[in-house]
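Enquirer: Sequence:
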Amino acid sequence: MPNSLLLCFLIPLGAAVWLPSAPCSLSTTVIVFFSLVGLYLFLHFLRYLQSVRIVIAMALAALLGVSMGVARISHVVNAQLPVELELQDLNLHFEVASLPQVGALSTRFIAKPVSITCTEAVSLAQPLKCKVLTRWRESIRLSWYGAPSLEVGQQWQVTVRLRKPRGLVNTDGFDYHAWLLQQGIMAIGYVRTKDKVVNVSQLESGFATFEARRQRLDNAFTKVENKLRHHDLMRALAYGDKSHINTARWALLNKSGTVHLMAISGLHIGLIATLGWWFGFGLLKASARLHRSSYFVLALPFIFSILFSFFYAGLAGFAVATMRALIMVVAVNFALITGKYFSGVRILIIAAIVVVLVDPFAFLSAGFWLSFGAVACLFFSFTAKSAAFATNVETTKAFAGASKILRGAKALMLMQWQLFVGLFVLLIVLGQQISWVSPFANVVAVPVVSILVVPLVLLASVLFSIWEWGAHGCLQVADTLLATVLWWLNWVVDIQNTLPVFNLSLSTPAKWLAFFATVLILLPRALACRTLGVAIAVCVFFDQSSKSDKYVVTVLDVGQGLSVLVESPSANFLYDAGAAFSDDFDMGSRVVYPVIKSKGIPQLDAVFVSHSDNDHAGGVGPLLNLMPASKVIASALGLEKTTHLINQTALLNTPLATCAAGEHWQLGELSITPIWPPSKPALIPSFVKQDINNQSCVLLVTFQNRKILLPGDIDKTVERHLIESGLLPTNVDLLVAAHHGSKTSSSKEFIDTVNASYVVYSAGYKNRYHHPSAAVAKRFDKAGAITFNTALDGAVEFVFQPVNGRSKLDREAARVQVSTARTVEDRLWYD
Numbered sequence: 087m088p089n090s091l092l093l094c095f096l097i098p099l100g101a102a103v104w105l106p107s108a109p110c111s112l113s114t115t116v117i118v119f120f121s122l123v124g125l126y127l128f129l130h131f132l133r134y135l136q137s138v139r140i141v142i143a144m145a146l147a148a149l150l151g152v153s154m155g156v157a158r159i160s161h162v163v164n165a166q167l168p169v170e171l172e173l174q175d176l177n178l179h180f181e182v183a184s185l186p187q188v189g190a191l192s193t194r195f196i197a198k199p200v201s202i203t204c205t206e207a208v209s210l211a212q213p214l215k216c217k218v219l220t221r222w223r224e225s226i227r228l229s230w231y232g233a234p235s236l237e238v239g240q241q242w243q244v245t246v247r248l249r250k251p252r253g254l255v256n257t258d259g260f261d262y263h264a265w266l267l268q269q270g271i272m273a274i275g276y277v278r279t280k281d282k283v284v285n286v287s288q289l290e291s292g293f294a295t296f297e298a299r300r301q302r303l304d305n306a307f308t309k310v311e312n313k314l315r316h317h318d319l320m321r322a323l324a325y326g327d328k329s330h331i332n333t334a335r336w337a338l339l340n341k342s343g344t345v346h347l348m349a350i351s352g353l354h355i356g357l358i359a360t361l362g363w364w365f366g367f368g369l370l371k372a373s374a375r376l377h378r379s380s381y382f383v384l385a386l387p388f389i390f391s392i393l394f395s396f397f398y399a400g401l402a403g404f405a406v407a408t409m410r411a412l413i414m415v416v417a418v419n420f421a422l423i424t425g426k427y428f429s430g431v432r433i434l435i436i437a438a439i440v441v442v443l444v445d446p447f448a449f450l451s452a453g454f455w456l457s458f459g460a461v462a463c464l465f466f467s468f469t470a471k472s473a474a475f476a477t478n479v480e481t482t483k484a485f486a487g488a489s490k491i492l493r494g495a496k497a498l499m500l501m502q503w504q505l506f507v508g509l510f511v512l513l514i515v516l517g518q519q520i521s522w523v524s525p526f527a528n529v530v531a532v533p534v535v536s537i538l539v540v541p542l543v544l545l546a547s548v549l550f551s552i553w554e555w556g557a558h559g560c561l562q563v564a565d566t567l568l569a570t571v572l573w574w575l576n577w578v579v580d581i582q583n584t585l586p587v588f589n590l591s592l593s594t595p596a597k598w599l600a601f602f603a604t605v606l607i608l609l610p611r612a613l614a615c616r617t618l619g620v621a622i623a624v625c626v627f628f629d630q631s632s633k634s635d636k637y638v639v640t641v642l643d644v645g646q647g648l649s650v651l652v653e654s655p656s657a658n659f660l661y662d663a664g665a666a667f668s669d670d671f672d673m674g675s676r677v678v679y680p681v682i683k684s685k686g687i688p689q690l691d692a693v694f695v696s697h698s699d700n701d702h703a704g705g706v707g708p709l710l711n712l713m714p715a716s717k718v719i720a721s722a723l724g725l726e727k728t729t730h731l732i733n734q735t736a737l738l739n740t741p742l743a744t745c746a747a748g749e750h751w752q753l754g755e756l757s758i759t760p761i762w763p764p765s766k767p768a769l770i771p772s773f774v775k776q777d778i779n780n781q782s783c784v785l786l787v788t789f790q791n792r793k794i795l796l797p798g799d800i801d802k803t804v805e806r807h808l809i810e811s812g813l814l815p816t817n818v819d820l821l822v823a824a825h826h827g828s829k830t831s832s833s834k835e836f837i838d839t840v841n842a843s844y845v846v847y848s849a850g851y852k853n854r855y856h857h858p859s860a861a862v863a864k865r866f867d868k869a870g871a872i873t874f875n876t877a878l879d880g881a882v883e884f885v886f887q888p889v890n891g892r893s894k895l896d897r898e899a900a901r902v903q904v905s906t907a908r909t910v911e912d913r914l915w916y917d
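Per the working numbering, residue 87 is the first one in the sequence shown, and the count goes up by one each step.
It is worth saying that the hints were derived from the structure and are not from the lab.
No incorrect hints appear here.
Quick list of simulated restraints, FRET-style, between CB atoms:
(1) 443 with 567: 35 to 43 Å
(2) 443 with 422: 19 to 27 Å
(3) 636 with 104: 20 to 28 Å
(4) 910 with 554: 54 to 62 Å
Under the rule of at most 25 Å between Cα atoms (straight-line distance), these lysine-lysine pairs were calculated in the PhoX-like manner:
(5) 802 with 829
(6) 829 with 852
(7) 685 with 717
(8) 717 with 766
(9) 727 with 717
Every residue, glycine too, gets a C-beta built ideally from N, C-alpha and C.
My request is simple: use the sequences and hints to build the entire structure.
Expert: As structure tokens, this is what we get:
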């Protein structure tokens, strides 16, 4: 089967994940059936057909690919928890199916239902859905506050409240909903600890699974973690548990471009496959001495190579990179044992097809593109360069060993250079961080970690159960080696920090030109294309995307929190950055930063922090670690609490100013005026000092006769004070509803005064506060405002055109383009 036909099947198969809707299941089944039959007939008679028929065969392969992709995604989406049973009390008998992640307040884990039933009240209200639920056996991601000690294989009976997976939707960034479906998680929820909790069995089942083996290794590492400085990295290398790696260490790995090493990656699978081959070869030699040989014995090196790889990939949870490497290991061993030849490109394409068939969401993963892109880059670069590693210098026998070492070092450095160049454009397109020193970091880290550390950690994992002291010795040596690697990474990152900061923002045509330049640079030297490729690349990177002449306000989807990005032709600022939930997850770095970066903004001119509540200020610190800002401006009230919260995750090296009535900032065309809180302590009412929400920095932003009001979390008492003092603006173009649409805010007098054309509620989906309040929504609707809710619409973006007059009629006549992320980025699994 030609590679072009395989690609015609693969690309639509994976690209189906971007479709906004799907045909009915019956139509999809019919299309798949006829496409299979037609493709079989065309392939069977392919040698008798003309080239035009081959084109028809490729079209049929594409139709089959997109149909199978849609069918797979639709099957996963339809397996989610019925919406009628969301947030209802359910009786769950489950088995712990993953390593529990213990946080400060709760423990998170994957539960596999043994049985799940509705309570009596729910059964009466939803009899049909409850009947279906008894056969529901999908994985559930649970949070258990104050949980007991949990281990894989334990079974519990609890009362839970669940809901369908749902994620935040912005113009860029991590799709949590797709990730949950990708992991096979069809519901998320929490255990109601006030109800009866029963430990059904301590460890009756589950120890035949990879997760159970990971649990054993986790217990073993927990016993010795106090003696090891880098046990977090060893856990990641041994069984793929990255939850112990802290934020600072992740930042170091990202900046040095070595994240791929600190997990069970394709490179490590290849190493383990080689060890398995040599183990099998040793058994083969032993059997030869015993004069016992058979076809099975001759195949031992290949069998153990596959078995070792499969076991190690299983410990990693069969991630994309490990699945790709495992499939390639199987294909190579099959070719060797049967004597058949398969091209590397074909093996890579088949591996990609298998990955996408198993994981229909693979095309959404940056890991998929980087993993396969790296291998494809090496194939392309080295296919015609077999002599690239040779040396023209004749050496004597005395220097033969040194010559081999030099050739090996040259090959390793050349490989790192090829990967850096080949993946450079791909990293830009995917919005990933580019490490300018990654070739130098990897040239030391790759051999030390892959050739020395990984075997030592795996040997220790085996020795834990038979020779504990031997395992400890292996881990101590590995710990010393990792300390050396981290010292090297810190050194190269320090060098990178002294270099000028390059913020690349390429237009779509420029990205294609950059890709073409990359191909020319990687071509064999004999074709003399590298100079042309470098020249094109220089021209492309000097052609940065021109600044927009539009005024854009984006209310980001950060769940139950707030973050607003305001852009103008020459300046921009951010108002709040959402919440921080742990050292490993916050809205500032995970949601706000990718959106800002995707817009090509190299630096923020200002970051305003409304007040010290976590859902507004928690993400500011992590964001400042990634995105420089000219200044941070926080509410004059509660300033100490705000700066303390920011400093928990970032050193506040940027200038700090206070937000208070009477201040004014001019950022390009943006005129920013705080109207609350009062600048003088004597003017501050007593109710403000008692309520953090009422300490919010209220901003009035004006540009081109437009008015944007950002009130933070103020309530009706502050609203009344602003109305009485005459500070509240009228005829506002856009209002972000105060306190997420809480019933304590947005009084009728306030709504009538501001007379907003557009209103946005920034709230979490089915949040426990019931924001926005039905009464508040009714008031805005009655006032004639056009409302949006980030929980339902995702991020809401407003593109404003200049207004000629001040009246509401003039404002409505001027064009305002409004788009919501759930409409623009519509997917099959959105509801």
